[in-house]
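Residue numbers (the numbering used here): 20 to 313.
Do not take every clue at face value.
Stated by the list, open to error - The calculated EDC-like cross-link candidates involving lysine to aspartate or glutamate, where the alpha carbons are at most 20 Å apart (straight line), are:
hint : residue 1 : residue 2
1    : K159      : D270
2    : K159      : E222
3    : K135      : E91
4    : K133      : E168
5    : K159      : E236
6    : K133      : D118
Derived from the structure by calculation, the hints contain no laboratory data.
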Amino acid sequence: MKFRSAFRVNGFLVLLVLLLLVIAFGGLAALGFVYSKNHDSAAALIGAIAAIFVIVVLFLLLTGLTVVNPNEAKVVQFFGRYIGSVSEPGFFSVVPLADRRSISLRVRNFETQKLKVNDADGNPVEIAAVVVYRVVDSFKAAFAVDDYEEYVATQSEAAVRHLATSHPYDAHDAGRTSLRDGGEVAGELTDELRERTEMAGIEVLEARITHLAYAPEIAQAMLVRQQAAQVVAARTHIVEGAVGMVGLALDRLAEQGTVELDEERKATMVSNLLVVLCGDRAIQPVVNTGSLYS
């Protein structure tokens, strides 16, 4: 069984029919009253039966009237049997005595709780995500799962936990995706949630991480580690630049012939330049002015 449109009739047309039935009921009641005064029991009995029939038809038609709001669907069941859904907004009349259940088709937001999970490197992290979704199949949302809102909430938390255990908080190796890579991680989370919620008639529009942090017990240690990694990276760039500058200085001196240096003096010059360029403190130069005593 799958989604299908339910049989429906314009509700205002049914109201017109009901109005005609009310007029007919009034006429039959008046006719029965007149014949009962004339002691015509057969005619009075026929009038009474016709009036009861009109009342029954009137009651049945009234039970089928329903209003469908914008971005809403009515799932129609007739004594437990699914006969279709009405997704168009308006005033309709469906099968009389049918049970009608409202399913919202509006876009919804759901934010998971802050979950404490171990990432791919085994470090405890706190993570939360927001999920944007909507119902696209009212039949599946009503009958495939017990409660589609609770189902989305549970599957969202499961998907966030799986995502956190599949990636590290920080990717120190090339080629690895970290939890801090927002675009890639969001796309992966969205795809996984779409697969998990498809059976419930849910379309996940977007899923993004809203909170990501190390757990309090290791936050300080990880901060020191991050600072150390940044210092090492900065020193690496400084050394690369310093080596290039020293090489450039030696080449320019050799080209212009400003001074001729032997290998020992070149080594001394390279050592001094690297100390000046790579040092993290201001350099105090020492000027050789010669000996004070001759």
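The hints, checked one at a time:
no. : hint         : result
1   : K159 to D270 : violated (75 Å)
2   : K159 to E222 : holds (12 Å)
3   : K135 to E91  : violated (37 Å)
4   : K133 to E168 : holds (19 Å)
5   : K159 to E236 : violated (44 Å)
6   : K133 to D118 : violated (40 Å)
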